[in-house]
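*Asks:* Chains as they are written, first to last, in this note's numbering: chain A, 58 to 440; chain B, 51 to 504.
Please note that a few of the clues may not be correct.
Claimed, not checked - Incomplete in silico selection of chain B near chain A, CB under 10 Å:
{"id": "1", "residue": "ALA95"}
{"id": "2", "residue": "GLU236"}
{"id": "3", "residue": "PHE347"}
{"id": "4", "residue": "TRP459"}
As the list claims (entries may be wrong) - Rough simulated footprint, nothing fancy, chain B against chain A, three-plus residues with beta-carbon under 8 Å:
{"id": "5", "stretch": "221-227"}
{"id": "6", "stretch": "245-252"}
{"id": "7", "stretch": "267-277"}
I should point out that these hints are in silico values taken from the structure, not numbers from a laboratory.
From a predicted model like this one, the values you see are computed outputs, not experimental measurements.
All residues carry an ideal CB built from backbone N, CA and C; glycine is no exception.
Next come the chains, spelled out residue by residue.
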Amino acid sequence: MNILADTVHENAAQKIGTLFGADELVINMGPQHPSTHGVLRVKLKLDGERVVGSECVIGYLHRGVEKIAENRTYQQFAPYVDRMDYVSAVSNGLGYCEAVEKLLVVEAPPRARVIRTILTELQRIASHLLWLGTHALDIGALTPLFYCMREREEILKIFEKYCGARLTTHAFRIGGLQYEAYDTLEKDVERFCEDFEGRIQEYSDLLTGSSIWIGRTRNVGLLNSADCIALGASGPVLRASGVKWDLRKALPYAAYDQYKFEIPVGTRGDTYDRYMVRLEEMRQSRLICLQAIENIPAGPITARVGKVLKPPVGEVYHAIEGPKGILGYYIVSDGSTQPYRIRIRPPSFINLQALDKMIRGHLVTDVVAIIGTLDIVLGEVDR
Amino acid sequence: MSATLHSILTFVQTWWVELLCAVLIVLVVPLIAGYIVLVERKVMADMQARLGPMRVGPHGLLQPIADALKLLIKEDLIPDAADQFIFWLAPVLSMTAALTSMGAVAFGPWFQVARDINIGLLFVVGVSALGPFGIVLGGWASNNHYSIIGALRSTAQLISYETTAGFALVSGFLLAGTLNVRSIVETQRADHAWYIFLAPVGFFTYLIASIAETNRAPFDLPEAESELVAGYMTEYSGFRWSLYFLAEYANMIVVASVGTTLFLGGWLRPFPNVHWLGWLDAAPTLLLVAVAAYCVFRAGKQPARVQSLLMWAVAFACFVVAIIFALTGPFGHPRLRFMHDGLYGAFWFLLKVSAYIYLFMWLRFTLPRFRFDQLMRLGWHILIPLALVNVVGVGVALALTSEFGLNRWLAMVFTTLATLGIAMLLLRWNDKYSAAASAALLADSPIVEDSRAG
Chain A
58 MNILADTVHE
68 NAAQKIGTLF
78 GADELVINMG
88 PQHPSTHGVL
98 RVKLKLDGER
108 VVGSECVIGY
118 LHRGVEKIAE
128 NRTYQQFAPY
138 VDRMDYVSAV
148 SNGLGYCEAV
158 EKLLVVEAPP
168 RARVIRTILT
178 ELQRIASHLL
188 WLGTHALDIG
198 ALTPLFYCMR
208 EREEILKIFE
218 KYCGARLTTH
228 AFRIGGLQYE
238 AYDTLEKDVE
248 RFCEDFEGRI
258 QEYSDLLTGS
268 SIWIGRTRNV
278 GLLNSADCIA
288 LGASGPVLRA
298 SGVKWDLRKA
308 LPYAAYDQYK
318 FEIPVGTRGD
328 TYDRYMVRLE
338 EMRQSRLICL
348 QAIENIPAGP
358 ITARVGKVLK
368 PPVGEVYHAI
378 EGPKGILGYY
388 IVSDGSTQPY
398 RIRIRPPSFI
408 NLQALDKMIR
418 GHLVTDVVAI
428 IGTLDIVLGE
438 VDR
Chain B
51 MSATLHSILT
61 FVQTWWVELL
71 CAVLIVLVVP
81 LIAGYIVLVE
91 RKVMADMQAR
101 LGPMRVGPHG
111 LLQPIADALK
121 LLIKEDLIPD
131 AADQFIFWLA
141 PVLSMTAALT
151 SMGAVAFGPW
161 FQVARDINIG
171 LLFVVGVSAL
181 GPFGIVLGGW
191 ASNNHYSIIG
201 ALRSTAQLIS
211 YETTAGFALV
221 SGFLLAGTLN
231 VRSIVETQRA
241 DHAWYIFLAP
251 VGFFTYLIAS
261 IAETNRAPFD
271 LPEAESELVA
281 GYMTEYSGFR
291 WSLYFLAEYA
301 NMIVVASVGT
311 TLFLGGWLRP
321 FPNVHWLGWL
331 DAAPTLLLVA
341 VAAYCVFRAG
351 KQPARVQSLL
361 MWAVAFACFV
371 VAIIFALTGP
381 FGHPRLRFMH
391 DGLYGAFWFL
401 LKVSAYIYLF
411 MWLRFTLPRF
421 RFDQLMRLGW
431 HILIPLALVN
441 VVGVGVALAL
451 TSEFGLNRWL
461 AMVFTTLATL
471 GIAMLLLRWN
481 DKYSAAASAA
491 LLADSPIVED
501 SRAG
């Protein structure tokens, strides 16, 4: 018996709704709603429970990060980027530091690049874990959240040991690292990776094969590859639609060119594919971490950049593959100690543009699943 | 005056057991419901690798009382746009229905308000079906979009699953040949079988339907917190909210009791007619002694004096009840044996109900939530046909047994397999039909094009 998503029945219902000339109902989802992942507000136009139109209202968490940059020195601005996508602060920091390094035409030394890679991949796992837990919670599975938090805690402990902070880490500095890797970093990462293999299988056992889970995610929020590209979607959202585009492979940065890993892609571009892609990405990140701790080169951890940074006049764009998609920094320098302008390409904000396209014709219930599957963080959407 | 007093006294004299039970239900059920919430949180914590409530009292034992007090002293809020009277009425209706239906439930051979009511379970099912009115009216009166969606969902859901539950119960009624709660249990004793073994399909359809009827996950769509905030009770707060909450848990007890009575042998201990298994009657005493010992063991380790005192009190209470069980048990004092049936019956009944409720909790923490159309499809396309076919199957089995003298178990196995076979056929046919309908719709549906074009 197929109790799975069946859009045709829904369309039949829609037809009947039109026949009877039912009124449309407008409801406000958010900004204070348990599953809009922060302060997203979606105005939904409903026909019964079916979404016929929607409008996102954002900006409730706007802090003017880009404007703040213009009044801070390059180093001073670095902690601010941690507060955009606050569940993957390390990745944000990596993107920013590398962008400024590109502008300064310096390169971080190999040791720094490898440690950066390890921490960034751990951050990717942490971010995906948080996504998995909350996404499952949105769809009504209560338990995975706590398991995911348990794993994430291990990663945060590693961060804490490394730089003293857990959430907004400010782990990297322009030109390399401030802190040397602590003694047992390799061991901690290895222990985490060893446990994680089995743990991720646990989540998979809880959700992947469950017919309710499949029913709730299969064919929900379809987004084909052409639409993804047209909307600028990136990250797992893009890859789930079958486009094999990952900056770690396409335009390698940090130390990614040294490691072997696969880029998982989906076929249908539905919520289930995005779930599978992220699950596999966690496994691949684990492999990258294991490869990286094998051989951390010796040497200095920072390049010589000086205390006062005065990049040459010019502009630079540097993008990394953040956990949520392509995170780009466009920096314009006027030769002073402060950036003239910084423009950030936030993956969450751009992926969120696909929401309206994805939720049309679905039920209110699916809206929650689709917001979850986009993996947005409002701190980054609003900046 | 004295005549009135006299008649009241006579009334009390005649009905004192029933009155006592009724008062007990009204007083104790909310407390039990509160503690079920605590147990649920503890079970959830256990499954989620954490501790759950630990602060209020040892192991959070006083948490329900603290919660109740907090809810009582909260501001009583009624939204301006709400329909005041119905907003007030709705939670009361829910709670009343839940408590009233408990009146006909027999918690053991002694503890029953409406004794010998000959339509027993029908009364329970009928009265508890009034509960959804509370939900629908509450959702409507709140004048909130989320509430109204929750109320509409619950209407559709409860109508569908009430039907399934009804048919599933019918299969049990056919076997018992009566609706009277006591007779149903006694028939199971006489039949040497719980009806779960004679009508497994009936039991499992009832199990699923009962989860849906009580709005529990994975069928908790009317209050799906991640979608509808809190569904029909979005606008409710404080004590009104807690009435809804208690009604939900009281309903859980009711459906679990009905399931236990009809399918799990009610207050009979496992294998009631096998005498060499009589030592099973030691179970309640041993269980309570174990709980008491654990409490004593933990009492010394409590951080505060009050907490360890509470632990001692719990241990003492358990020990006293254990002694009562021991004295009235098979090896106890002969003059106290008359209490045996009532006490031991209540124990087994509550144990089964607890197991049933534990199953509810287990499912809740394991499964994701259905979507509304999937819920409806499951109800109308799978469960109702299955339950209907099962009624016919049980009827055929009974006919085969009584008319043709076939072995009862053989007949039951045969008809159960046949039921499942027919159900599979129906489902396959249904799949084919929906595939054909899908294809037809896709062929000439401009709306599909529209929605794709967006």
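*Asks:* Next, verify each hint and record whether it holds.
*Replies:* Quick rundown of the hints versus the structure:
1. ALA95: holds (9 Å)
2. GLU236: Violated. Min distance 39 Å.
3. PHE347: Hint violated; PHE347(B) Cβ to chain A Cβ min 28 Å, cut 10 Å.
4. TRP459: violated (29 Å)
5. 221-227: violated (count 0)
6. 245-252: violated (count 0)
7. 267-277: holds (count 5)
Figure legend: structure checked against the earlier numbered hints; hints not met, in rising order: 2, 3, 4, 5, 6.
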